[in-house]
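> Listed below, chain by chain, are the residues.
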Amino acid sequence: MKNGIANDVALIDAGGANLGSVRYALERLGVDARIVRDANGLHGAQRVILPGVGAAAPAMALLRERGLDVALRALDAPLLGICLGMQLLFDASEEGDVACLGLLPGTVRRMQGSAGLRVPHMGWNTLEIIRESALLDGIAMPAHAYFVHGYATPVTDDCIASCTHGDPFAACVQRGRIAGMQFHPERSADVGSTLLSNFLRWNPE
Amino acid sequence: MLSRRIIPCLDVRDGRVVKGVRFRDHIDMGDILTLARGYRDEGADELVFYDITASPQGRSVDRDWVEQVARVLDIPFCVAGGIRSVADARAVLHAGADKISINSPALERPVLIEELAEAFGVQCVVVGIDTQREADGQWRVRSHTGDPENMRAPGKRTLDWISEAQSRGAGEIVLNCMDSDGVRSGYDIDQLREVRDICHVPLVASGGAGIAQHFIDVFRDADVDAALAASVFHSGVLAISDLKQGLRDAGIEVRL
Numbered sequence: 001m002k003n004g005i006a007n008d009v010a011l012i013d014a015g016g017a018n019l020g021s022v023r024y025a026l027e028r029l030g031v032d033a034r035i036v037r038d039a040n041g042l043h044g045a046q047r048v049i050l051p052g053v054g055a056a057a058p059a060m061a062l063l064r065e066r067g068l069d070v071a072l073r074a075l076d077a078p079l080l081g082i083c084l085g086m087q088l089l090f091d092a093s094e095e096g097d098v099a100c101l102g103l104l105p106g107t108v109r110r111m112q113g114s115a116g117l118r119v120p121h122m123g124w125n126t127l128e129i130i131r132e133s134a135l136l137d138g139i140a141m142p143a144h145a146y147f148v149h150g151y152a153t154p155v156t157d158d159c160i161a162s163c164t165h166g167d168p169f170a171a172c173v174q175r176g177r178i179a180g181m182q183f184h185p186e187r188s189a190d191v192g193s194t195l196l197s198n199f200l201r202w203n204p205e
Numbered sequence: 001m002l003s004r005r006i007i008p009c010l011d012v013r014d015g016r017v018v019k020g021v022r023f024r025d026h027i028d029m030g031d032i033l034t035l036a037r038g039y040r041d042e043g044a045d046e047l048v049f050y051d052i053t054a055s056p057q058g059r060s061v062d063r064d065w066v067e068q069v070a071r072v073l074d075i076p077f078c079v080a081g082g083i084r085s086v087a088d089a090r091a092v093l094h095a096g097a098d099k100i101s102i103n104s105p106a107l108e109r110p111v112l113i114e115e116l117a118e119a120f121g122v123q124c125v126v127v128g129i130d131t132q133r134e135a136d137g138q139w140r141v142r143s144h145t146g147d148p149e150n151m152r153a154p155g156k157r158t159l160d161w162i163s164e165a166q167s168r169g170a171g172e173i174v175l176n177c178m179d180s181d182g183v184r185s186g187y188d189i190d191q192l193r194e195v196r197d198i199c200h201v202p203l204v205a206s207g208g209a210g211i212a213q214h215f216i217d218v219f220r221d222a223d224v225d226a227a228l229a230a231s232v233f234h235s236g237v238l239a240i241s242d243l244k245q246g247l248r249d250a251g252i253e254v255r256l
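Heads up: the sequence lines are chains A and S, in that order.
Sequential numbering from 1 applies to the first sequence in our numbering.
Sequential numbering from 1 applies to the second sequence in our numbering.
To be clear, the hints were calculated from the coordinates, so they are not data collected in a lab.
Heads up, some of the hints might be wrong.
To spell it out: a stretch of chain S is covered by chain A in this simulated footprint if at least three of its residues, at any positions, have a beta carbon under 8 Å from a beta carbon of chain A; those stretches are [to be verified]:
hint, stretch
1, 74-83
2, 120-126
3, 215-227
To be clear about the criterion: a stretch of chain S counts as covered by chain A if any three or more of its residues have a C-beta under 8 Å from a C-beta of chain A, and this derived list gives those stretches [said to hold, decoys possible]:
hint, stretch
4, 90-96
5, 195-202
Note that CB positions come from ideal geometry on N, CA and C, so glycine has one too.
Please construct the entire structure, taking both the sequences and the accompanying hints into account.
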């Protein structure tokens, strides 16, 4: 740790296209993340980030093939899933009808569009804080985050901040050392960089 | 509530930002990174970089500046121009772009939309459409508009192409109304309303912004998700921070 910020950060390459932008966002916070492609790479990491853009089934297949599903379940370090990476933390996803990591209870569902309600949910939307968490330190309302997704997880006990697009859904989750952000903190301007910085400083009980 | 987005479009030629009127007579507007950072600080919600030389010259986007932009920018950005394969798109996305926008190559080979949606998810795949009204009153698409000498009219009705693009996996549509582009007399509300009726994915209006009222009109009357503009921002006629405050005062949801 340097200045309270974790400096050994493992960034998992699960084939997601936003790997670069997450790495650059960490760089802007002074952290040079390691790109990790298999379970061995996780050794010694103080923080692990699972970013993701793409579909649930191929991403899970890749994690299993590289032994990362088992390694992520056994991990002691705080883990942050971003966008699809957050969805993979749950039990299962309707997208491709696939079993996910099972670190958080719940099923990822397809978002329902309607007249005036476009899916994918794309753009800046407001966060609503559901319960206090060190991960949300310094976030003043109204706070906007950038979302791009067509599937979402329900608001469960693990939800610390929600968002509404038609129905409310989980924007930010936390349970023990597991955290998730449905939006893209790496593309959410000052709000996003505060949240990422909080994750790097976070000491979950 | 989901905010309406304001998107400055930076036309890139040979690594510099340029702007022309009705797609012609390009003049130098400045350095990519300086402009990108400036718009981010003013409150732009997203940026589009359109490599106007890539498509007509049959080459893909030069990746170097994409990576430089990705390093400094903490808002989303989309790259357009000359992306004609999954490999082209992957290179741009891996360099750090959030979305890729395809136009002429999708018209030439519509299955490209499906290939990209399959590879990266629909949320990455933007289909840009250049459209002009013809003598029979129908709007039809144009391709290869980056170079006026090479512009083509494939004959497709704009509305038909939008339906097809959506069913193939377009995650967002940018409708560039060429009749109003660069002349700052307002967005093409009539056309955008017709398109909105059949467009179920996010719709971005492009072409014609001149004053703040044009943005209010296009959000109110055409219910678009985002409004894209170039010269009105590059010239300094309209500051994004003032524009967004004006939109909020008019009751339109924006991120301030």
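> Decide, hint by hint, whether the structure agrees.
For each hint, the structure was consulted:
1. 74-83: holds (count 3)
2. 120-126: holds (count 5)
3. 215-227: Result for this restraint: holds, n = 3.
4. 90-96: As far as the stretch 90-96 of chain S goes, the hint holds, because 5 residues have Cβ atoms under 8 Å from chain A.
5. 195-202: Coverage by chain A holds for the stretch 195-202 of chain S (3 residues, Cβ < 8 Å).
Hint compliance for this structure: no hint is broken.
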